[in-house]
Amino acid sequence: MRHPAGHKDSRTSKRSPDRYDRPLSIGTRVPRIDAYAKVTGREKFAADYYGDDLVWAGVKRAGVPHARIEGIDLKRCREAPGVICALTHEHVAGTNRQGVIRKDQPVLADDKVRHCGDAIALVLAEDKESLERALSMVSMDLEPMPGVFDPEEALEENAPLVHEDHPGGNALLKGELQKGIGQAAAAECEVLLEGCFETSYQEHAYLETECGWAQQDEEGKLAIVCSTQTPFRDRMEVAEALGLDPVSVRIIAPYPGGAFGGKDGVTVQTLLGLAALHSGGRPVKMWWGREESFVAGTKRHPASMRYRLGAKWDGALHFLEAKLFFDTGPYDHLGGVVLTLALEHASGPYRIPNVKLEGYAVYTNNPVGGAFRGFGVPQVTGAVEQMMDMLAHRLSIDPVELRMKNALRRGDRSGVGKTLVSSTGLMECLDVVSKHPFWTDRDEWKSAAGPFKRRGVGMSAVMQASGYGPVVPDYANAKVELTQEGKIRVYCGVVDMGQGNASTNLQIAGSILAQTLEEMELVLPDTDRTLPSGSASASRCSYTFGNALIGAAETLKRRILQRAADLLMAQSADQLALVPGRVRCLGTGRELSLERMARLMDETERVAVHHFRAPVALDKLAVADDLRLHGMPHTLFSYGAHVTRVEVDELTGYVEVKDYLAVSDCGTVINPQIYEQQIHGGVAQGLGYVLMEDFRVTEGAVGTPNFATYLIPTAPDIQDIESIAVEIHEHTGPFGLKGVGEIATNGPLPAVSNAVADACGVRFDRFPLTPERVLMGMRTAEHGKESREYQLQTER
Amino acid sequence: MNISFRLNGEKVEIDVRPDRRVVDLLREDFGLTGTKESCGAGDCGACTILVDGESRLSCLMLAAQLQEREIVTIEGLSDEETLHPIQSAFVERGAVQCGFCVPGMILASVDLLKRNPTPTRHDIREGLSGNLCRCTGYHKIVDAVEDAAACLKDDPCR
Amino acid sequence: MPLRDVFLPRTLDDLWDTLEQRPESMVYAGGTDLFVRLRSGSIAPPSLVCLERLNEIKGVRDEGEFLFIGAATTHGFLLAHPLTVEHFPILAKALAVLASPPVRHMGTIGGNIVNASPAGDTLPPLYVLDAEIEISSRREVRRMPLADFIFGPGEVLLGKGEILTGVRVKKLTNENVHHYEKVGLRKGQACAVASLAALLRLSPSGVVEEARLAWGSVGPTVVTLTEVEHALTGEVLSHDTLKGLIPLVRDNVSPIDDVRASAEYRRIVAGQLLLRLQQYRWGGP
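Protein chains in written order, with my numbering: chain L, 1 to 796; chain X, 1001 to 1158; chain V, 2001 to 2285.
Please keep in mind that the hints were generated in silico from the structure rather than gathered at the bench. Every residue, glycine too, gets a C-beta built ideally from N, C-alpha and C. Watch out, some of these pointers could steer you wrong.
[Stated by the list, open to error] Pairs of lysine-lysine residues, derived as DSBU-like cross-links and limited to a Cα-Cα distance of at most 30 angstroms, are as follows:
#1 K1114/X / K44/L
#2 K1011/X / K2058/V
#3 K453/L / K2187/V
#4 K44/L / K112/L
#5 K323/L / K312/L
#6 K2243/V / K1114/X
#7 K405/L / K453/L
#8 K1153/X / K2160/V
#9 K658/L / K2243/V
#10 K2243/V / K446/L
#11 K2093/V / K453/L
#12 K2093/V / K2187/V
#13 K446/L / K2187/V
#14 K658/L / K2093/V
#15 K44/L / K1011/X
#16 K2093/V / K2243/V
[Said to hold, decoys possible] Away from chain L, derived, C-beta distances all over 10 angstroms, residues of chain V:
#17 R2186
#18 G2188
#19 Q2279
Excised from the complex, chain L in its bound form:
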């Protein structure tokens, strides 16, 4: 395998000078292994692969939302200077389809265009400039077709179909579920509230846009270096779509420059693979520009949600009904799975005896809805947590108290009826919030608002499942090696897209083997070197891989100690201990270096592997097989409670989040620094979601094509975020941990909206809370006028 020239292989990280030099241990603030190479600019991301004789590949996109492809004329394009070749679907030898559940997305569009970002032609050129010019010369004959842009309209009888061959029409997935007596319980409620909420698209906006590098070698092996969360799944998808044997495809996954779900699945991979099959053995690079990423990349599903929540006068929840419409765009980019997780979380983290849920993931000709941190849960949490505040207000109960009264505890049944058998720390989180000054001193703080400012305090309770659910195996295969040089090398099967699990892996293995970072090495995911371990998603990485890694590290430890015991003539392995760089016989004090041990051990002994499969829910729920296949129910959940203090400007409607506290139960903490990073990052993305991230789509066309129009928070927009961990040991987790990757994203939308409602007395139902929306809402409330756009939620 040739490596791109001019760059040395940096796939095994080296230690930095003045590095953390203590033996690794659980619960300590170990600086991240990847930080050194990242602060010096030496870390090589997928975007940083070039190499001699490089070919640039790019895509011509449809630019229209729905059309029949009558013809693609590549003559002028092919004749343009610097063009190597131009390809269409006719050059794709395999199925030309990609996807995880329903494989419905063409690599290059064949019969028709289903959204503006559809790839029509793939062009290879000598340099970026030639590529850009050649792409402008692709001529497409597209016969426009009527499109569907609203999920509810898409479900109507005579709506145009996005996929004529889908038995469910435009409903990619319909999910229904009843618990208790369902809707009949409405009549038994002493108070019953209604609410409708609409959340917008959210763009992942990772700093590294979709990119990769590929080359086919003389033996026909296709290597693809790409920014991905899913190298092992990518290999299968690329092979199937292009008609290749999976063993002839190698996916190499450096650290992605951010992913958040947007790289959970194929982006550039298949296109790059196809390009590399037509480049005459030359390396090929593809790197989407920001505008292309916005048009072609996936987004958080926009959701329209109708709720009814009923309770008894004492605040005991009795009934919840939710009807969800998720706009999944034209392809099943995990849209059905997202909807299913949304349904599972639609009732919030509460004990509710009677529940009726109905949801639709709907095909449209809008941008592709897909995986995004939280995975359907931020939308429904946004809705249900506002319903809870409306109920608290109606019943004049303290919002924290109302939640405590109904909070799920271990042994309770969740909203879909699943018995909670794993650690359930919501009460502990709520307890911390209830005693925190942000909450206890809120009246005093609010009364200190300056001129033209209104202050409010709001909170939310959150939960997030981890793993894949009952059907799709959630497994990992860890591999740990004692290298010939006496180092401990951990082969990561799961991508670290920034969340720090690679470092956590070293911490876990290092802790078991009593080594310092000095003795540790890391190999990032590579289908030829590391073992299949699932996707970097679903808050599962450290849980699933960590459990596998413990097994592998323990095995290697036993082998080293046993062999050393034999060599040192100790009675048994128990009389020895690993210390940094060596093995010591505790009785005699004699030592052997790990390097020595490595030389004395056979290659087969120096490598330990361990497989782990996550436990699944055993509950037999009355849900359709389809929902089970799509992941319902889960068995492991993290919990949290958030509180925020906001200030609203009366003159402009601008909402400023002054303070934010996130209390989380994600099990024990392996590394407090990485844990806080996850909480901070999740909250910041949630704050962007509620305050400013307003991805506009009109008739399928993106109205916010770049960072000048799609705004994400800058440093002045996010104040310090306080994170408190409620550490409850999860007995199935490695060292007691649970997933922390997604949960914090769920809290900000409802917490901020509840705080804004507290500040201005107006309940908003559309997001984000732009200054305009808030100002207009306040004015409408003041003038007491009815306005459809800014209508207040009415209580029944």
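Got chain L sorted already, so can you dock chains X and V onto it with the hints?
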């Protein structure tokens, strides 16, 4: 066009088309891939470099503009042995997650601390407002710059 | 992309030669707007002339009663300059929130003027300061009020072979309120959805003796309303006075709908921003 300038302390000369973007020149012609590109339009700061000691965006500059300038990229901020105090602080304080914004963020911090050696957390946030980070929520980045400021104050010759 | 020549004249004479030889060239200083338009494909000039090496039109010159600011002076330089801070706090306030630090280190005041965006941050302050601009060509130097130079979004009275060479601003003497507020959709790198620059002279008892007001992003160019300025003169900055002027503002601005905000919102906010001036009634925020 022949262009000569100083790059990370060394005099360099290169024959290049004058309208080549500086970010491309650095990444592709010099192999200095620490300078990142994320938006190509001046909205994100990932391509920040120091030009005569001042933070600028290499996606909005052409090669011809490098003539006679002193350029520092992230690769030139420290040698193999020792990190710049801002780099150390980013490592120690957990300011690094995916890391794609980090080179630009660190160079923006160098500029910031040169102008204002004793910034408040508010000043730091304002000073880094041109550099987007999608992972950290900025909290730990502000921590790191605060730490680095204290460290540089004790040893201002760095 | 075809090869584009890039010229970096060192003197104005070099510049005039270049512009004569390559009249189709597009001129830029910082490039922070030009390269964005190049990327989007909305312009495709065959050659470029960069003004960054023209020392003759860079920097700040004290001319006694006036301050002359070279067109190619960066926002960052201007913001850090003691004369700006001393004489034109209102301009400094706008510069401090203009885009981001790296953009301020590249973008220039001349670029902000010639770009003539209704959202340009330096424009409302320069309007209330009655800035005069200087336009030069090989043959002549002409001057005119800034407000006459800009006649629409991106539209300025600049002829072939001419460039903007500087801005001349009269030093302030008695104005004691320098107010600039930008309403954006976020705090960092905000593009103005509406903005208000207000330069006031208040008597010790808080009566407005002179008022200059200018709004950004609520019309095709910066909006100034003499009726409002007159109405404010002789009054105290009370809530009622200011509130009474809101309809006048609302009826006389002409904003548009765009991706950032509706015309209706901008209209309302343009008026309400006046209320913020109340804080100066008793001597300041």
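Going through the numbered hints above, which ones does this structure break? Give me the numbers in ascending order. Checked against the structure, the hints that fail are numbers 4, 6, 7, 8, 17, 18 and 19, while the rest are satisfied.
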